[in-house]
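Peer 1: The residues making up each chain are set out below.
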Amino acid sequence: MTGAHVHASGWGWTHAGRTRPAVSGIDLWIDAGERVLLLGASGAGKSTLLHGLAGVLGGDEEGEQTGTLRIDARSPVDSRGTVGLVLQDPDSQIVMARVGDDVAFACENLGVPRDEIWRRVHWALDAVGLDVPLDHPTSQLSGGQVQRLVLAGILAMRPRLLLLDEPTANLDPEGVRDVRDVVDHVARETGMTLIIVEHRVAVWQDVASRVVVLEPGGGILADGPSREVLASEGARLAERGIWVPEHPPELPDRTPREPGEPLMHADGLVVGRTPFAQKEPVIAASDLSFELRAGSTTTVLGPNGAGKSTLALTIAGLLRPVAGTLEAAPPLAAGVVPQPHRWKSRELLTRIGTVFQHPEHQFLTGTVRAELAVGPRALRLTDEEVTARVDALLERLRLGHLADANPFTLSGGEKRRLSVATVLASRPRMLVLDEPTFGQDARTWRELVLLLRGLADNGASIVAVTHDEPFVDALAENVIRLGSPQGVLR
Amino acid sequence: MSAMTPQIAPSAAARVNPVAKLGAALVISVTLLLSVDIVSASVALVLTLALVAFAGLRARSFWIRTAPVWFAAPFAAITTILYGEDSGAQVAQLGIATISEGSLLLGVAIMLRVLAIGIPGVVLMATTDPTELADGLSQVARLPARFVLGGLAGMRMIGLFIDDWRAMARARRARGVADTGAIRRFASQAFALLVLAIRRGSKLATAMEAKGFGAASTRTWARESTFGWPETLLVGIGVVIAGAAVVSAVIAGTWSFVLG
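Quick note, the sequences are listed as chains A and B, same order.
Numbers 789 to 1278, taken from our numbering, label the letters of the first sequence in order.
Numbers 13 to 272, taken from our numbering, label the letters of the second sequence in order.
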């Protein structure tokens, strides 16, 4: 088996109902077996190009195509089975209820004979290192296992062109290295052509031999051997928000400060969640003791499945502790009972603000402006005060030009900025963030770090769940490290 | 264990192709819908309950799963007895509701019907794996794979929607709007879930399309779904039960064809 070659000539795509093309003027030749890292700032059209190559952009109703796109001289729509696409958000890509059946699904669609299907299923699961029985439920896998399963389902197709859209987003550092090594190994073994879209250049620069950078306005900004492009264009790429190892986001030095008064403490805390239709909670992490102080930042680290998010939600007063003590000190409780999970919704607002992992879960209204006003209105502030706070935040988080846009239509970086801004609008003393930098480009990342530093300097206590090592280095005075998974809970 | 991958105890019923179970259940149900009388429903109920013994369900599991049917059947009966069309001698008068011999008989007949159709239906589904049912519907019943597998994949997403729903409820608490207006909040949260569901659904559809789903080429099946003698036997048993119910009702003179 050899790889497929790719030829784009003046290619572009405009989504139906949009005036500006998502991507345009792409001229590209990729040889069989080449491994390409596709870079570009948020909104440069990387995902659209991958969808186009996979032939899943749809017909004339979905948008308008210019130029041509060819895979081995055929149109992508006629190349089913030649091209494998791994999208972002692996959870949404699992089709079947059992691991073996899910890997077999693509082969069935392509008309592979039954015996051959099961040979391929075993080979693919082996290649990605997913060591569970074939009848294991797909709903009972950890984040890293889900990503491997999705990859195995694509590899079983024996694609000659493999397209990966941020394949390691949301994995812990070990999971990231594992998945990268799997891709590297399989690509070597099969000789397939590889195109990877990923913010994190450092992870993939040794796997990819060539870097192609898309220009947001259209066309290609840079194209060449990885090392050369990163050396000559590194600074320019970093400016556009791309993570280049030699050009990390610049942050001013920070003078260590004395932490302020204690706001919350935990003693022998056990956290967990109760699965749907069950009575007993499943323990996610136990025997936790810590103190959270004003003006300090604490990060919660640990592998996928270690209970980080469960702990964050418990600290935020959104889950009831399973056992042990979690109490707010008088300065935070400010006149109400010390247990955060017993506070009223409105009492939480000024005490603890939570930024959720998926911003979509926390949006409540139809415009950015209304979204920012939700908290202040719940606090029954005067109209003038609400407007003043909203306007200040629109300005501060560069959302002014989007004030009337629907929150669901924003880009990933804009959604993240908005979800942080909505929390700041009610000025809580404590801030809990779940994976705030996940999937963000270097520019948004830097803004977030500076914003959180500023909040801590003004006396807020910040708790952040993260896999992001530079984020920890830039911010955290304290670290809560959770151990290995205590039983997978999803 | 979940709804999509139930742990099914090995039993005669679990081994039979789900399409045959569905077929047998349909034959009996449709026959029972043709007449409303006590004899046909009693005969069918007794015979199907005898079959249920082979389903390999433990007593506890049987009662938990069929509880809604046991609960619903008497209610259907009471409603008919009180408000059904009266005929024959009047038995009692309660306010505007009159109970007559006719409505009493009708009520009992309806209760037995609900049980005779409901209990085997629930038991058959409890011994059926959704994936196996989809395989059977596509390969044996020849329903379009696009439709059957699309439905199966959609069902799998219900678990994700439950997680989404809980996350949204937490977010509403965190954002200070969870103290009042429970009904309005439920409505807005339901709408938000719908939006999310559509987004997830379209992503799943893209992923399935990228895996060649719906392509013109002929699909193969990793899991074979066959229809052999155990399946034929089960459908045959269904036909015999339906026939026995009709024949005994006709002999007893209670058969009343609803369309006649």
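It should be emphasised that the hints constitute simulated quantities derived from the structure, not laboratory data.
Predicted model only: the values in this text are computed from it and were never measured.
Take these hints with a grain of salt, some might be off.
So, partial list: chain A residues that the calculated Cβ filter (under 7 Å) puts toward chain B [stated by the list, open to error]: (1) Ser863; (2) Val865; (3) Leu875; (4) Val883; (5) Ala892; (6) Phe893; (7) Leu898; (8) Val900; (9) Leu1106; (10) Lys1132; (11) Phe1144; (12) Ala1158; (13) Val1162.
Label-pair distances were calculated between CB atoms; the ranges are [claimed, not checked]: (14) B:Gly193 x A:Thr1175: 52 to 58 Å; (15) A:Glu1068 x B:Gln19: 15 to 21 Å; (16) A:Arg976 x B:Glu144: 35 to 41 Å; (17) B:Gly100 x A:Glu1068: 40 to 46 Å; (18) B:Gly248 x A:Glu1068: 43 to 49 Å; (19) B:Leu206 x A:Asp1192: 21 to 27 Å; (20) A:Ala820 x B:Glu144: 37 to 43 Å; (21) B:Gln19 x A:Pro1258: 43 to 49 Å.
Cβ coordinates follow ideal geometry from the N, Cα and C atoms, glycine included.
Peer 1: Each hint should be assessed against the structure and marked as holding or not.
Peer 2: Against the structure, the hints come out as follows:
At a threshold of 7 Å, the smallest CB-CB gap from serine 863 of chain A to chain B is about 14 Å, leaving the interface hint violated. The restraint placing valine 865 of chain A at the interface with chain B is violated, with a minimum CB-CB distance near 10 Å, outside the 7 Å limit. Residue-level restraint check for leucine 875 of chain A holds (minimum Cβ-Cβ distance to chain B is 6 Å; threshold 7 Å). Hint on valine 883 of chain A holds. Least Cβ distance to chain B is approximately 5 Å, under the 7 Å limit.
Taking 7 Å as the C-beta cut-off, the interface hint given for alanine 892 of chain A holds, the closest approach to chain B being about 4 Å. Interface hint status for phenylalanine 893 of chain A: upheld, as the beta-carbon distance to the closest one in chain B is roughly 6 Å, under 7 Å. For the restraint placing leucine 898 of chain A at the interface with chain B, the shortest Cβ-Cβ distance is roughly 5 Å, inside the 7 Å limit, so the hint holds. A cut of 7 Å between beta carbons decides the hint on valine 900 of chain A: the least distance to chain B is about 6 Å, and the hint holds.
The beta carbon of leucine 1106 of chain A is positioned within 7 Å of a beta carbon in chain B (closest approach about 4 Å), and the interface hint is therefore held. The interface hint given for lysine 1132 of chain A is met, as the beta carbon of that residue sits about 5 Å from the closest beta carbon of chain B, less than 7 Å. Restraint check, phenylalanine 1144 of chain A versus chain B: the minimum CB separation of about 6 Å is within 7 Å; hint holds. Evaluation of the alanine 1158 of chain A hint against chain B yields a violated restraint, the C-beta minimum of about 12 Å exceeding 7 Å.
The criterion of a C-beta within 7 Å of any C-beta in chain B is met by valine 1162 of chain A, whose closest approach is roughly 6 Å, and the hint holds. As the Cβ distance of glycine 193 of chain B to threonine 1175 of chain A is approximately 23 Å, the hint placing it in 52 to 58 Å is violated. The hinted window of 15 to 21 Å between glutamate 1068 of chain A and glutamine 19 of chain B holds, with their beta carbons roughly 19 Å apart. For arginine 976 of chain A and glutamate 144 of chain B, the Cβ-Cβ distance of about 39 Å falls inside the hinted range of 35 to 41 Å, so the restraint holds.
Our hint of 40 to 46 Å for glycine 100 of chain B and glutamate 1068 of chain A is violated, since their Cβ atoms are close to 55 Å apart. A C-beta distance of roughly 45 Å is found between glycine 248 of chain B and glutamate 1068 of chain A, which places it inside the suggested range of 43 to 49 Å. For leucine 206 of chain B and aspartate 1192 of chain A, the Cβ-Cβ distance of about 23 Å falls inside the hinted range of 21 to 27 Å, so the restraint holds. Range check, alanine 820 of chain A to glutamate 144 of chain B: Cβ separation about 41 Å, and the 37 to 43 Å hint holds.
Between glutamine 19 of chain B and proline 1258 of chain A the C-beta distance comes to about 45 Å, which sits within the given range of 43 to 49 Å.
This entry does not satisfy hints 1, 2, 12, 14 and 17, going by the numbered hints stated previously.
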